[in-house]
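Once you've looked at the hints, dock chain B against the given chain A.
Protein chains in written order, with full-length UniProt numbering: chain A, 1 to 303; chain B, 1 to 303.
Possibly wrong hints are sitting among the right ones.
[What the hints assert, rightly or not] Simulated pairs of lysine-lysine, DSS-like, Cα-Cα distance not exceeding 25 Å:
{"#": "1", "chain 1": "B", "residue 1": "K149", "chain 2": "A", "residue 2": "K149"}
{"#": "2", "chain 1": "A", "residue 1": "K37", "chain 2": "B", "residue 2": "K254"}
{"#": "3", "chain 1": "A", "residue 1": "K49", "chain 2": "A", "residue 2": "K267"}
{"#": "4", "chain 1": "A", "residue 1": "K149", "chain 2": "A", "residue 2": "K217"}
{"#": "5", "chain 1": "A", "residue 1": "K254", "chain 2": "A", "residue 2": "K302"}
{"#": "6", "chain 1": "B", "residue 1": "K37", "chain 2": "A", "residue 2": "K254"}
{"#": "7", "chain 1": "B", "residue 1": "K49", "chain 2": "B", "residue 2": "K248"}
{"#": "8", "chain 1": "B", "residue 1": "K267", "chain 2": "B", "residue 2": "K49"}
{"#": "9", "chain 1": "A", "residue 1": "K63", "chain 2": "A", "residue 2": "K49"}
[Said to hold, decoys possible] The following residues of chain B were derived to be distant from chain A, with all beta-carbon distances above 12 Å:
{"#": "10", "residue": "E10"}
{"#": "11", "residue": "K63"}
{"#": "12", "residue": "F136"}
{"#": "13", "residue": "P210"}
{"#": "14", "residue": "I212"}
{"#": "15", "residue": "K267"}
Note that these hints are calculated values from the structure, not bench results.
On a predicted model such as this, the values are computed, not experimentally measured, just so you know.
Every residue gets a Cβ at the ideal spot worked out from N, C-alpha and C, and that includes glycine.
Each chain is listed here by its residues.
Number of protein chains: 2
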Amino acid sequence: MTSIPNVNTEILTHAQQQIQQDLTMALDAFSMPEPLKSAVYHAVMLGGKRVRPALCYATANLKPNHPHYAAVRRAAVAVELIHCYSLAHDDLPCMDNDLLRRGQPTCHAAFGEDTALLAGDILQSMAFEVLGSRLFDTQHSVDSPIILKQMQILATSSSKMVCGQVLDIQAEGQHVDQQALENIHRNKTGALIQAAIMMAAVTIFDGTDPAIPQLRKFGQAIGLAFQVQDDILDVVSDTQTLGKTAGKDEQVDKSTYPALMGLEQAKAYAQQLHDQAFAALAYFADDAEQLSQISQFLLSRKS
Amino acid sequence: MTSIPNVNTEILTHAQQQIQQDLTMALDAFSMPEPLKSAVYHAVMLGGKRVRPALCYATANLKPNHPHYAAVRRAAVAVELIHCYSLAHDDLPCMDNDLLRRGQPTCHAAFGEDTALLAGDILQSMAFEVLGSRLFDTQHSVDSPIILKQMQILATSSSKMVCGQVLDIQAEGQHVDQQALENIHRNKTGALIQAAIMMAAVTIFDGTDPAIPQLRKFGQAIGLAFQVQDDILDVVSDTQTLGKTAGKDEQVDKSTYPALMGLEQAKAYAQQLHDQAFAALAYFADDAEQLSQISQFLLSRKS
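Excised from the complex, chain A in its bound form (with noise of 0.2 Å):
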């Protein structure tokens, strides 16, 4: 079992930083009208781990310097404009009913539930505009069968991170095997934060790589337990610590990984998980530092 030492959050604080300033010059590059523009805002600036564009970063930098970094960049930005548009529509009334995001009013808190829909139909179109886009580039500009892939990847991502909700929603209130939870999860969390690893690792690794399929079994690993880890904060964690409404789980008759197994084998499941995720990262020796440092971080993450 992989001990934890002392996480240093220097990668994840410079990716939050790097996110942030790449999703302002994303957002400001669009043409948006009022309240449209605020809501999407709203929706985006407000914070979180940035986990997705941290692991696409990170992944990247496996190849530092990589010609291609402005691809790698747009797939950051939209990923997270994916991961955002979903919260946004999560929140709504008819799907969890949560007035609370990140310690702020969600998304239809502020600016009504038709505006909060608007915002996120238009995050998920604006992804793939992003994608597509020169963003960022220099001289570089990037081949058009490697942001076909990223396309490919994202999209499908995105409609499996839709099956997982749907498959989440049927489950409440039913008692699931762990097969079935973890289908859930995958798709639900899983597919996307898999997917910001490997739009970068198509960018920087040809097709034929060996370094791919290492950072598919890593991708798999980590997203699954990012949403064992989720599940744990929601039992052990607070409001306030959480940003959002802690014990929704409980309360809304959730299967998750504690109610299924109890939160002492969830625990011991999800530090599993995460030794299979270094185990992948194994083939990258040391060049994996920034992919592993992130990895440790999540799992001690406590919100």
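Showing chain B alone in chain A's frame:
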């Protein structure tokens, strides 16, 4: 003024059969859990005029038997999926709150708000999945730069559509002038109709071909004409013919062309836009027979 001869609807009927078949093939290729799957099929397979796919096919027919026709078929499916997503979301209680669409229950009326929301969400990502897929490919695979252009056009027009929705909501109960109204409709309806044409255009013509700007002009004119005609039909038609609630625009004090300029002037304006569309088609002479037929159908339609 162009006279409207007997409209030959054969081309439209053929396009409707083709898109129905291709949409079925596309949806069948996706694995979705219930009730999402049923809601998605409901939202997509109810029918409708399929104007966007028809324009897409007819544009491609400017160069019959083009080797990249598979990419045209994918574009037709993708644009129709985006259209269907927008309808599913438009009908939601927080938007138009409509229970009837094409003479059938709307998606949320049949499947509940949460499922209709998620059906719309996945339809959007599925559109991009289809564009990037190998669906309908036979021996010829299509060059990545073309598919990338298609994606950019689709993503941009999808974002514009959402902006148009917001402008439309903002204009309710307001007096807007013709310029503002055009801005609403060029975004809300025009952009996606133009996208259907341009996705086919970039597939069959080189980027520098003078056909491209002509088709852009045609798309702009026909896209706006479509909306003017829609506004007119909302006044002059009845619910049974329309398959959706007639007279709804006036009821919710929507900004429409008949409200702005009077019914007769609106009709004259629709004709004028069609004349512009036909003028752009003149460049293609007899090759544009299919596009011309569909334009004539759009002007003479009753629903």
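Going through the hints against the structure:
{"no.": "1", "hint": "K149(B) x K149(A)", "in the structure": "holds (14 Å)"}
{"no.": "2", "hint": "K37(A) x K254(B)", "in the structure": "holds (22 Å)"}
{"no.": "3", "hint": "K49(A) x K267(A)", "in the structure": "holds (21 Å)"}
{"no.": "4", "hint": "K149(A) x K217(A)", "in the structure": "holds (18 Å)"}
{"no.": "5", "hint": "K254(A) x K302(A)", "in the structure": "holds (21 Å)"}
{"no.": "6", "hint": "K37(B) x K254(A)", "in the structure": "holds (22 Å)"}
{"no.": "7", "hint": "K49(B) x K248(B)", "in the structure": "holds (20 Å)"}
{"no.": "8", "hint": "K267(B) x K49(B)", "in the structure": "holds (21 Å)"}
{"no.": "9", "hint": "K63(A) x K49(A)", "in the structure": "holds (24 Å)"}
{"no.": "10", "hint": "E10", "in the structure": "holds (34 Å)"}
{"no.": "11", "hint": "K63", "in the structure": "holds (22 Å)"}
{"no.": "12", "hint": "F136", "in the structure": "holds (16 Å)"}
{"no.": "13", "hint": "P210", "in the structure": "holds (24 Å)"}
{"no.": "14", "hint": "I212", "in the structure": "holds (18 Å)"}
{"no.": "15", "hint": "K267", "in the structure": "holds (29 Å)"}
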